[in-house]
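Asks: Sequence:
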Amino acid sequence: QVQLVESGGGLVQPGGSLRLSCAASGNMENTYLRGWYRQALGKQREMVALITSGGSTNYAASVKGRFSVSRDNVKKMVYLQMNILNHEETAVYYCNARHNESLRDSWGEGNQVTVSS
33 QVQLVESGGG
43 LVQPGGSLRL
53 SCAASGNMEN
63 TYLRGWYRQA
73 LGKQREMVAL
83 ITSGGSTNYA
93 ASVKGRFSVS
103 RDNVKKMVYL
113 QMNILNHEET
123 AVYYCNARHN
133 ESLRDSWGEG
143 NQVTVSS
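In my numbering, the protein residues as written are 33 to 149.
If you are wondering where the hints come from, they were derived from the structure by calculation, not from laboratory data. A few of these clues could be false.
DSSO-like, lysine-lysine: derived pairs with alpha carbons at most 30 Å apart [claimed, not checked]: (1) 108 - 96; (2) 107 - 96; (3) 75 - 96.
Derived Cβ-Cβ restraints for the label pairs, each shown as a range [said to hold, decoys possible]: (4) 46 - 92: 14 to 20 Å; (5) 116 - 39: 33 to 39 Å; (6) 104 - 62: 18 to 24 Å; (7) 59 - 87: 19 to 25 Å; (8) 62 - 120: 32 to 38 Å; (9) 136 - 116: 32 to 38 Å; (10) 107 - 33: 42 to 48 Å; (11) 119 - 39: 31 to 37 Å; (12) 107 - 132: 16 to 22 Å.
Glycine included, C-beta positions come from ideal geometry on N, C-alpha and C.
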């Protein structure tokens, strides 16, 4: 069983920054931390930023150049630095991990990010 705990969300003004963290624990055998998704009210969950164990990254087009995903494999942590946030990025942000063989996804409980003046 994999547990993922996100932290770092909250209220930020448009143009501001936040840094999200995700800590993984439990049985991580054959499971790897992938990165971040988000789900706005009334919308489907979407990929925001992913990072491989080797450090290769993949970003949603809307966040390229503003968001940065990173990881610490020793600490079993993944991070998301978000800059120049806008109202449309108000959402619950989820950390994701995936089992290598079954491709089963594990999710954190989510962390609310609200961008508002």
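Asks: Does each hint hold? Answer for all of them.
Replies: Tested hints:
| no. | hint | result |
| --- | --- | --- |
| 1 | 108 - 96 | holds (24 Å) |
| 2 | 107 - 96 | holds (26 Å) |
| 3 | 75 - 96 | holds (21 Å) |
| 4 | 46 - 92: 14 to 20 Å | holds (19 Å) |
| 5 | 116 - 39: 33 to 39 Å | violated (21 Å) |
| 6 | 104 - 62: 18 to 24 Å | holds (19 Å) |
| 7 | 59 - 87: 19 to 25 Å | holds (24 Å) |
| 8 | 62 - 120: 32 to 38 Å | holds (36 Å) |
| 9 | 136 - 116: 32 to 38 Å | holds (34 Å) |
| 10 | 107 - 33: 42 to 48 Å | violated (19 Å) |
| 11 | 119 - 39: 31 to 37 Å | violated (23 Å) |
| 12 | 107 - 132: 16 to 22 Å | holds (20 Å) |
When held up to the earlier numbered hints, the structure conflicts with 5, 10 and 11 and fits the remainder.
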